[in-house]
Structures are given as C-alpha cells and as structure tokens.
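Chain V is fixed; fit chain A onto it per the hints.
Protein sequence lines correspond, in order, to chains V and A. 443 is the number that the UniProt record's numbering gives to position 443 of the first sequence; each next residue is one higher, with no gaps. 500 is the number that the UniProt record's numbering gives to position 500 of the second sequence; each next residue is one higher, with no gaps.
Honestly, the hints are just simulated from the structure, not real lab data. Warning: the hint list may mix true and false statements.
Since the list gives no way to pick out one identical chain from another, each pair is judged satisfied if it fits inside one copy or across any two copies.
Straight-line Cα separation of at most 25 Å, BS3-like style, residue types lysine-lysine; simulated pairs [stated by the list, open to error]: (1) K305 x K433; (2) K454 x K30; (3) K70 x K156; (4) K70 x K305; (5) K62 x K145; (6) K156 x K120; (7) K259 x K242; (8) K39 x K380; (9) K433 x K451; (10) K39 x K62; (11) K145 x K59; (12) K444 x K383; (13) K87 x K156; (14) K403 x K319.
Chain by chain, the residues run as shown.
Number of protein chains: 2
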Amino acid sequence: MENEAQIQIQEAIKTQGEVVRKLKSEKASKEQIDEEVAKLLELKAKLGGDDGKHQFVLKTAKGTRDYNPKQMAIREKVFNTVVACFKRHGAETIDTPVFELKETLTGKYGEDSKLIYDLKDQGGELLSLRYDLTVPFARYLAMNKITNIKRYHIAKVYRRDNPSMTRGRYREFYQCDFDIAGQYDAMIPDAECLKIVHEILSELELGDFRIKVNDRRILDGMFAACGVPDDKFRTICSTVDKLDKMSWEDVKNEMVNEKGLSEQAADLIGEFVSMQGGRDLAERLLQNPRLSQNKLACSGLSDVKLLFSYLELFQVTDKVVFDLSLARGLDYYTGLIYEAVLTQAGLSGDTLNGAEDSVSVGSVAGGGRYDGLVGMFDPKGRKVPCVGVSFGIERIFTIMEQKAESSADKVRTTEVQVLVASAQKNLLEERLKLVTDLWKAGIKAEVMYKKNPKLLSQLQHCEESGIPLVAILGEQELKDGVVKLRVVATREEVDFSRADLIREIRRRTSEA
Amino acid sequence: MENEAQIQIQEAIKTQGEVVRKLKSEKASKEQIDEEVAKLLELKAKLGGDDGKHQFVLKTAKGTRDYNPKQMAIREKVFNTVVACFKRHGAETIDTPVFELKETLTGKYGEDSKLIYDLKDQGGELLSLRYDLTVPFARYLAMNKITNIKRYHIAKVYRRDNPSMTRGRYREFYQCDFDIAGQYDAMIPDAECLKIVHEILSELELGDFRIKVNDRRILDGMFAACGVPDDKFRTICSTVDKLDKMSWEDVKNEMVNEKGLSEQAADLIGEFVSMQGGRDLAERLLQNPRLSQNKLACSGLSDVKLLFSYLELFQVTDKVVFDLSLARGLDYYTGLIYEAVLTQAGLSGDTLNGAEDSVSVGSVAGGGRYDGLVGMFDPKGRKVPCVGVSFGIERIFTIMEQKAESSADKVRTTEVQVLVASAQKNLLEERLKLVTDLWKAGIKAEVMYKKNPKLLSQLQHCEESGIPLVAILGEQELKDGVVKLRVVATREEVDFSRADLIREIRRRTSEA
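Next comes chain V alone, as it looks inside the complex (with noise of 0.2 Å):
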C-alpha cells in the first residue's frame, strides 16, 4: 500500500473515532454504539493487514447477530405461542435446506434479485441461500406432486438489503410461515390465514393491530378502470405500494411525472386508494360504475365479500379492513393480498425507537394467494393454489424485548428449579451423589462444578439466575439423614428426609 493511502485509513480511523466517543457521550443506543465500533474495527483491520501485524476482527457478518440467551429465552416463548397457534389450526410442518440451487430462485423475486446471497462456485452446483420461505415450498410441492397440505415452517431466511439493525431489519433473519395448498371453495382457507393472523397477534399482546385486505384482481380493474394502459399496471401499482410512507401527493407526483401516468388518471386512482371499509365498501364498490364494468374487479369484490362474511363467523372482523391503497410487492401474489400493522408499538406511550421508526415497525405479517407458483415448477405447469401468511418475527422479537427491558420481572435463562449446595468443605460427592437423584426424579437441578465452593456464592448464584430452591447439604444433615430445603426468596428453611425432598421440590416448583 502507498503511504498515501495509509494515512487516509489513519484519517478515517481519528474521525470514526471521533464519532464513537461522541455517540457514547450522548448516550446513544447500544445498537447504534456497535454500529460504529464495528466500522471503526474494519478501518483498524485494514491499517493493520497491510502492515503485516493483521488484527483479527471480532464480530459477526454484517447485518447479522448472535442471540444471547436472554434474547433466546424470549424468542423460545415467541415461537411456541406462534407454533401453539399453528398446531391448533392442524398444520403439518416441514424443513427445507438453507441454500437451493440458483436456478430455483431464478425469475421470483423481480427487482430484489439483486439481494439474493449467492454461494461460491466451488466447483459442481450453483447455490444461493433462501430468500423466503415461500419459493422453496412450492419447489417442495412440486418435486414431491404434493397437490394439498397445509403446513408451517419456521427458518431462517436471508437478504442482502441494507441493514437497519435499529430497527430490526437484519441480513439473516427468521420467518413464521402458513400455508394452505389445495383447490379448495373460495375465500375458506384465505379467511382462515386471518384469523391465525388475529390470534397470534392477540395473544402475543403487542398492542392495538389493524389487518389491512385487498386483491390483486381489484387493484388491476381499478387500474384498468381508471384508464392506466397495461404495460403499466406493475410500475403504477409499486407507486401505490409507498401510500404508507408518503403522502398522496409525492404519489401522484411520482404516477404523473415519473411515470409518464395522465393527471386524470392518477386523480381516479387517487380517490379508490383512500377508501376503507369491511363488506360494506365491497357492496358499494360493486354498484360502483367504474369497477362494475371490469370483470377481473367484480370477480375480486365478490371474494371480498365471501371472505368478510366468513370473517364474521370467525369473529375477526374488528381488526380487519379493506383498503384498496394496499399493493404488495411480491410478483407471485393472484389474488387475495393482507398485511398486519401494529397500530401502536405496544408500549406505554413511546414507540420502539423514538417516532421516526414508527412507521417502518409497523408491518408485522404479511400474506396472500399465489396460485400460479408451483406450476412454474412443475415440468408440465400443473397447478397447485396456494394461500398463505408469513409473521416478520424479528420484529416482534424487538418489541417483546424492549417490553421484557421496561418490565420488572427479570428474564430467566435456565429453568433450574434447584441448586445442590454445601454448607461445608469436603461434601462434593455427597453433592453429585444427591444432584443424580435429583436428575433422575426428572428435576433441574445444579451443582457448583467446585470442590469446595463457599455457601454464600452458592446462594448469590440462585439469586443472579433466579433459582428458587437449594438443597444444602451439611455433617449434621448427612448424619439426621435429611437435606435442608431452603426457599431462596423468603429464607426459609425446612429439613425433609431423601424420599421428602423430591416431592417437596415438585410441589412448590410445580406451574400454579
């Protein structure tokens, strides 16, 4: 390297240096901190390979993170409400490799392409990681001539996109999905999608939720309707897909001047994509003397309203609305089309990272009906209609965390219901003798993997992991024949002879 462009390194390294300091001096998120500690980390690495003296970095790829096991325990109790929910609704779950061959993923994505992570060629197939879930499933379906099931699948996914980890956007990151494939009768299983959606965000009590519903058949009448030529429809109808993040204004700007869509045009679509409502708005709009006149349209508000008043007897139509501004992106989607929003960041009074994240923590869930995917691969394009809903569990993740931070109660990381202590010097095997009965007897249970460890760090360490028992034996218990049951938080201690001791440890650990 030139010494030129080693001062340079030296240079950014002082000024992002500079930004660390100023970052800690304003108390800025941990997050944030990493964010630039990391940067300045790569700067030190590069200064430092090329001296010879490489310097190892630590840290994870970017956008990536590892889970600790706190952020575990509360990612263990996310998935089995998700997967208590799923199980109810009787589905099936399988798994599918991280990676697929390139070609699989080929012609899906659109524009987002570009985000796939591919594997290096070394030497037989191409690879590239999964994307979503929902492409390898209909790769499933069709390698296996699976024509119904319905199943879930939990894995993880990943996205070359710009990290916000802030904001709970990450590079590698799990998805929840549930789908129902089969030909089956209209708008059933579409409606009962929603209402997993409903119950799972119900009972994760995330705060206030709206379930937004549109069709991609009434979005293309509307655009046909309104007098958008074909070979626009696609373009005009990603314009549409920001309204929930910019005004009507900059949307119709972006249509008329961008686009090249005429001002009439873009007026007409203008005055649709503010309407909301539930079956009511699909009765009207089906009076409606624009849309009535297209056949696509009317085919899409018909289902709407079938799906409302299955909804009905599902009783989930408090939170779901049809909103004819909703234009999801994904290319594979045929009709019915739903995305969750969290009203509110479910915490008291203060939205997840200050009011500007607002808005992009918003989107929870998000699905709809693909019927034309598994027939692209299917060597002869025979169909397989498919509906389904994927939970962004991130950010859920990100929300139950920041509730756990605010709450008083303290996350355990171990369900240890009893320590295994000594009250004197010498009793390890007496100690290992007892934690086996325990063990056996099916009871979590510790030893301190000392031969003489002090009593009081005995008793700090159930403190600091929250559990709620220890068995502390001493000469005169072992002499007595008995062990000490002592209750961590109140102090109490009571003596219980071995055969005692179990039954004790169950009856005040047991779930109330």
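The following block gives chain A in isolation, referenced to the frame of chain V:
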C-alpha cells in the same frame, strides 16, 4: 456444444437409465434409486440446456434433503428429549448466524478446511458457512468477554464432504452441542458431559452403546514414550484414529511404510492401543515403566482416574470405557476426549443398511476439552477453559425413522383432536362457528375447506390423519342444540350440549 459431446451425453443418459431400471427391478432402497435418478435428471438437464430448451432440474442441492412432515414429527420428538436433558442440567441456549467472517474459521480445522462452504464475493465481507458450532461458540465467548457459561446450541452446520445419504451423512446437518466454559475444578464439568451423553442415549432407546474416553495428553505421552519423533505426533495420531475402521496390521503398515515410523515404535504403540478398561486401567498405567516417566501422560492418567470416581457417583460407569485407541481428529482438543458408539443399531436383528454400514452408523456423539480455542479469538489471548459434547443427530434421526417404519404405530404429523364435520349440505356456517368456539377453548380442531363435503370423505380424512374425534353437526342436532361426538376408532356416537362438548373433548384427548 459440438455434436460429439452431445452424443456422449446421450450415451450417458442411456447407461444411467439402465442403472435406474436395474435398481428398480432389484427393489433397491429408495435413497439409492433417488440418488441415481438425480444423476439421470442432471444429465438430461445438461442436454436440454444446450439445446436451448432448458429443462428445469427439480431437486435439492447435492448432499441436502427436505424433511417431510413425518420426518419432522420424529425430529421434534428427538429434539424434545435432547433439549429436556440439557435444561435439566441447567443449560442456557444461544444462537449464532449461519455464516461467519471467513477468517473466523481460518486455521481451526486443519486439512478439513477444504470442506468449508464459502459465499460468493458480492462486495463487502468474505463469508463462510459455519462448519461446526464450537468455533462460533468460542468466537461468541471472546467477543462478549464471557468467562463462564453452560450453554446448548442446536443448529445446522455445513461441510462440502462427499455425502453418503444412505448412511445418514449429509452436507447440511444438525448438531446438538452442550458445552461448559469456565475455570473449574478438574473433571467435574467433564464428567457431567458424559452423564448427559448417557442420559440422552438411554432415553432415546437406540440400543446398547459405549462411551469411549481417552485424553490428548495420554496420547501425546504415549507417543513420546514409544519413541515417536515430536513432529510425527499428529500424523501418527490420525493413523491411530483409523483403528475403528482398519485392522491393526493395516494401521501398523501405514505408520511404518507410509509415515516412516520405526517398526519398534509401532509395535509399542500397538500394545497400548489394544488396552481398554476403567479406573483400574488408569491406575495400572500410572505404574507402567514407560508412561510413568512422562509428565503429560501422568497428569492425563490421574485425571482419567479422577473422572471415573465422579462417573461412579453419576452411576454411568456401566457404559464408559477408557480406550487408548480413541484419537479424535479435531486440532483444538487439549485434554479429555470421548466418543459414543452404538454397539447395535437398535433395530431388531438388523443393522441400519446392511452389514457394511454397521461401522459407519456407530458414532453418535463426540467431544472433549478444548482449553485453547477461545484464546485464539481474544485480542490478548486470554484463555477460557471449555469442555463439551456434540450429538450427531442425523444418524439418530435415521435410526428413529427406521424404527418408526418397522413399528405398527402410525406416526401422526398433526395433533388435531377433533374434526368439525357436517352430515348434511349447507352447514358450512355452523361448522365455522363451532370450530371458532373450539379454537377459543384451545382445542386443536379442523374443518374441511369445502362448502358441502361428504360425511364419508370427512370421516376418511380422520382415518388418514389419525384424528381421534369428529364433532358432527346435522339439522336435527342444531334443532336439539347438541353436537354428535363420534369416536373414530370405535364408531361410538354420543350427543353433547355445546357446553359439555368442550369438556368431553378435553377428557377424551388428555394425555393419560
């Protein structure tokens, strides 16, 4: 492509087609046929691709597989057993990203580094898929300056190995790791790792097993005592490691003729590596005139002796063998090493895939002490002593699947307790209302997604999916305000009021 190349491929397709036909006529195993069919499809795709009519290859990447719902049900059962044991022993859990910075993995796996999957350089960092869970764990500890933790981690790892899928060897496979990090008294955490192996293999009922233990220090001391030159320790050690697959004659031959060891040294090694025993063997070897001269060997032997005293308290010495021929490959081990092998596959009379595989299915868990690995990541080289065990869970899945195949009990892939059915037409609304009530009560319930399904097809669905109960609605039942509950197995039918129905379903489906 030249015509000649094309003709060659066509020839290859013909030959491969015959291979497949022959296997089918011989009723070869499904895996074997699938593997050969995959090759055939690849050849056909090659031809198609160059024709201009590209034929899509509908397959998963080489060495990987989907899990279908039945396999997932078995996998869930195995994971539940494993996780319950880890939790009983007080472990927390963490998760790390599926890929790491390439340099994090560099220099950790010796020769096997060539098996690491790299990601394509798409601008940004150079990344590789994780090869095991141990190196990411060490990176995590160093990065977060954690000096003691007991954690488990269940996740997929990736090796560009030559897969033998019929033997349960894949390029993507699960590992279940349990590790204890921290500065503790000798052999206490090590003994708990062996206790855990004993518990899990016993609970899974895979058949009889042995846990072989040895120590890196004993191996090194033994090599020194037998006159192996220092610079040949590692290569001789890797030859010893082959003793489970090769006869002593072949191993000796490799040592002497390929690796240039003296015949005398080889014979001395031969004596040692034939030794097996327990605590008594460790005591005897401490008196051995050659070994007792070697400090390393002595500290290893004393620790093995101490280990056995703890294993006796843990009541696991029935399965643990001190075996001087055990020499696990990984570079990072520094003390105790161990490996669990099934001594019979747990299948009545038969081994997994015929006699030739009875060896390769043997090893199902392995681990050891690695006190230096975390220090390789710490900028100041601070060490964190670690010991752990990793379960090769794919092989366990394969055995459990075969057990399920040969068992009379059908594996259920859903947990549905009741199907809400109708006996007449036009009762979809009533079915949806009732299933909503059941879901609300936490009951796992389904309806068929048809407006007017036949009662027979509803009952057939129950038979196929193992659903034990059917709640049947008919006009008479609606008039009477009752629901007919039918037990699928006995065809018994009783009417219940709505209020009693839920109680009755719970009673009949509660785990005994």
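Results for each hint:
Taking identical chains as interchangeable, the C-alpha atoms of K305 and K433 lie at most 25 Å apart only when they sit on different chains, with a minimum of 18 Å there against 68 Å within one chain. With identical chains, the CA atoms of K454 and K30 are never at most 25 Å apart, being 36 Å at best within one copy and 60 Å at best between copies. Proximity of K70 and K156 under a CA criterion of 25 Å is satisfied in both settings, with 19 Å inside one chain copy and 21 Å between copies. Neither within a single protomer nor between protomers do K70 and K305 lie at most 25 Å apart by alpha-carbon distance, with minima of 45 Å and 38 Å respectively.
Taking identical chains as interchangeable, the C-alpha atoms of K62 and K145 lie at most 25 Å apart only when they sit on different chains, with a minimum of 20 Å there against 38 Å within one chain. In this assembly of identical chains, K156 and K120 lie within 25 Å of each other by CA distance both inside one copy and across copies; the values are 20 Å within and 19 Å between. With identical chains, the CA atoms of K259 and K242 are at most 25 Å apart within one copy only, with a shortest distance of 14 Å there and 69 Å across copies. Proximity of K39 and K380 under a CA criterion of 25 Å is satisfied inter-copy only: 21 Å between copies versus 51 Å inside one chain copy.
For the homomeric pair K433 and K451, the shortest alpha-carbon distance inside one copy (14 Å) is at most 25 Å, but the shortest distance between copies (63 Å) is not. Within a single copy, K39 and K62 get their C-alpha atoms as close as 10 Å, which meets the 25 Å cut-off; across copies the closest is 37 Å, which misses it. With identical chains, the CA atoms of K145 and K59 are at most 25 Å apart between copies only, with a shortest distance of 12 Å across copies and 43 Å within one. Neither within a single protomer nor between protomers do K444 and K383 lie at most 25 Å apart by alpha-carbon distance, with minima of 51 Å and 30 Å respectively.
Proximity of K87 to K156 under the C-alpha cut-off of 25 Å is found in both arrangements, the shortest distances being 20 Å within a copy and 24 Å between copies. Taking CA atoms no more than 25 Å apart as the test, K403 paired with K319 passes inside one copy only; the shortest distance there is 23 Å, against 47 Å between copies.
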